[in-house]
Amino acid sequence: MVKPVQAHPPAEAVAWTVLAFLAAALPHLLAMPGWLMLVILVLAIWRVGAAWQNWQPPPAWLRLGITLALLGLVVIFYGGLWGRRAATGLLCMMLAAKMMEMFRLRDLRLVASMCFFLIATQFLFSERLVYLAYLAGAFWVATAALLLIQRVDSAQPKPASASWTRSTLRPVTLLIVAAVPLALALFVTFPRLAQPLWGLPDEVMDGRTGLSDSMSPGSIANLYADESAAFRVEFDGPMPPPAERYWRGPVFWNFDGHTWSRSFFSTSPATVMPEAGTRSWDYRVQLEPHEQRWLFSLDYPVEYPRGARVTADYQMISRRAITTLTQYEVSSNPDFIDTPDLPQTLHNLATRLPDDRNPRTLALAAEWRERYPDDQQLIDAILRWFNEEAFFYSLETSPMGRNSVDEFLFDLRTGYCEHYASAFAVMMRAAGVPARIVTGYQGGWWSTTARYLLVRQSDAHAWVEVWLPEQGWTRVDPTAAVSPSRIREGSRVAIDQPRHLLDWDWVQDLRNRYDRVQHLWNNWVLGFDASRQRQFLGGLGLGEPGLMMIGLTMVLSAMLVVGLVALLLLRRPRARPRSQAERLWQQLLARLRRRGLACSPTETPLEFSQRVSHALPNQSGEFDRLTWLYCRLHYGTGQHQDLLPEFTRRVEAFKP
Amino acid sequence: MSISATGRLRGLLDDWIRRRGPVTPPLTLRYRQIYILPTGFGWLLGLLMSAMLIGSLNFNNNMGLLTTFLVAGLAVNSMLLAYRNLEGLAIRHCAARPVFAGQQLALRIDISDTSNRSRPGLKFIRPEGTGETATAAAHQASVRLTLPTARRGWMKLGRIRLETTHPLGLFRAWSWFWPERRFLVWPTPTSPAPPLPRDGGRQTGRLSKPRPDGEEFHSLRPWRVGDPLHRIAWKSSQRHQTLLSREFQQEQAEVIHLELARAPGADLERRISIVTAWVLQADAEGLKWVLDTGAERFGPERGQDHLHRCLRALAGFGQG
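Chains D and P supply the protein sequences, listed in that same order. The numbering of the first sequence is our numbering, which starts it at 100 and goes up by one. The numbering of the second sequence is our numbering, which starts it at 14 and goes up by one.
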């Protein structure tokens, strides 16, 4: 039995649809395991080849088989179908499988429209400014594909003479440009949800760098080369001096000899809430998504966002993982005394050390404890030791063995902040002083023009808090003793090792400038959430708008914008004068019309001229000449262009 | 039951459409004559947009929202553009040459543009909804729509639908109109037809054998390829500076009487078919004939006009 040969859509429409798919899938493909990307590319290229060579689609059983195999591949590579990466990977894969049966116009349309969806899913992973270019590009190609498919569908002959610019570039661009006003109006006025409808899966993805919920040697040094923004801060009122810009993140209590980790205690809520004191820092943080739940604040948060809570060690924790750019306002009181009385259980927890690790450190700590019975003196002595002995602040560390602190303090003496913090905390604990590790960020780059503080991943830091009677938990930063410039001027100054190949000052300057644009983008576009929307619409004079009010504003503004666009689209194009002579003639007619002599559309210039001669007898000769000139110029074969200056002069001089 | 119900609904719809404004050419399409709804693909994209919207709102993802709203803008604009593609289009008139029943009626629809726009992807769909034809952007164009015919007589066409899904296939804008006139469908001639009733007719004049070239000089006409040399009127040609041929006409003495009532055939339709075939045959042979339908009598005469009158009478016979 011979199957009837299907009429395949033309290669051009297919090629554009495949291109639209690849453009929309580009960032997904780059984030995929290489094998999956290869499979998708092969299928896409096969489809384009099929369009060119007129290959037939594979039989149904083969298509089904391949589709199931692809599904299996996704499950194997992602370990399931749960999670954003796996879901978008699956979407890409299924669209690639669709390539095998994309032989009808409706399939082409389906794939082209799914591209819009694919574009939107990319923003679950990143909403940085560069992706605006991706949005524009991929959106353009998908729209162009839809336009070409429509042309095939309505059997429009391809204009033979029209260039690509006129036939595709212009109409597609116009379509998108005309869509922008409504998109913007809806963007501003569409009511946002203050609370999500359903929860988000808490998952770590893409090996995104940032602080983690444990600290081992090297874990913070790894962030040194990462210049991406961690968060940005705008201050209302005074700003703390650089040496006090400690952004508190995860606090670690447990030490197993190598790694510091959180304790059960870190999750319990604070029993004593800090209260506003004489000094306070008020600021707004714009936190880049880091897939964890902690928020950063200066010590100690008095007022904090509603969706967050404060733990017993005064760390702010969000209810949900931070998966999109998040803004919150905090007010901190730096003078709050954290836990003046330490319960015995916590005292034990904060001095516990593994017995069989780091014997040399334990011995040294015991010896110094005898020499300095006072806690403060002991701390000063250790810091002095760090400062005066040949300790180096550097990224170059060797992998540490079982007694990591011993190796660091007595053999290597070279390390990054986590080495110093860890060593210091261990010595304190060995001397019987409660100590814990705090990780977070220290410092930041202040943009004087845009007035915000940019804190980068490379500003990640670790320091120590020791508990002193009466004073409570007190911050001690051993890194400051080793490398004071790290605290004053940041890690880039403290370490004279380039982060990457392009680590020059002007590159850094360029990055800072770019970050200012990114900051504006974050502020005005990404950070435009329910509260900002209320604020913005309220500023327009809507008072404190409720949901109904915002909805009404949306409907009205959308109607207004659509009405304006419709007026623009539906207005009747007037026949434009095509030549200079015609333009001048029109001017002449307009002048005569004002005198009550209107040229009717059915009147020829010569007929009109006769009528004018009757109405204006003393100017009839002049007008006859004008008409004669116009007829030569307008209807002539083109050899009378030398009459144009005379015509121009006479038209200008003619006063009816 | 259900058929009559649909029929009645259809009648109601037709009445409603007619009430809304002019629906027969010549007419210019304005908002009262233009209807618009999403296509299947449009609904699909709407579904996709809702999914994008809910997802982006839930994840508080502003870039996702921006993408969704851009698609929404695209959809709204394609609705406006679909409307614009029809708005201001003038349907001048519908015309068709008569055909024999069973042949395809080629309906010509003349459209013109009143507002200087290109109008890509217009589709005309005939009443039965089976055939369609498209025309490209045209300032002034005529469209040919072929319609099947089944019965002889005056054919009244139903609604013709003019639609477009320009520019992205998301929305379908359409208009309905009724052709302003009825179209003639001639009866189908039987084939093979019984021989012409030469003997049955009364004879007047003398019998003569038809000769291909005839004997009687008739007129001069411009020379055509194939005319024999001896028929060129050389003198006249020189006078007129162009070659002229003499045309002769056979002297026709024979008049054929075709009576509907006396034609063989079981029923009226059959007889009409046979008479139609005779009329055509008589015309092809260049004979003079008289047609008597019982109600009317045509001839004796020959030629195109006579033929058309006869065919029209036969087509409309018994239809009032």
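What the hints contain is simulated information worked out from the structure, not anything from laboratory work. Just so we're clear, the structure is a prediction, and the values are computed from it rather than from any experiment. Every residue gets a Cβ at the ideal spot worked out from N, C-alpha and C, and that includes glycine. Mixed in with the good hints, there may be bad ones.
[Claimed, not checked] Partial list, computed: chain D residues near chain P (C-beta under 10 Å):
#1 G178
#2 L180
#3 F202
#4 L204
#5 R208
#6 Q255
#7 L281
#8 P341
#9 W603
#10 V606
#11 T652
#12 S656
#13 L659
#14 V660
[Stated by the list, open to error] Chain P regions said to be covered by chain D (calculated; three or more residues, Cβ under 8 Å):
#15 63-77
#16 178-188
#17 239-250
**OP:** Could you tell me which of the numbered hints above are not met by this structure, giving the numbers in increasing order?
**Re:** 1, 2, 3, 8, 9, 10, 11, 12, 13 and 17
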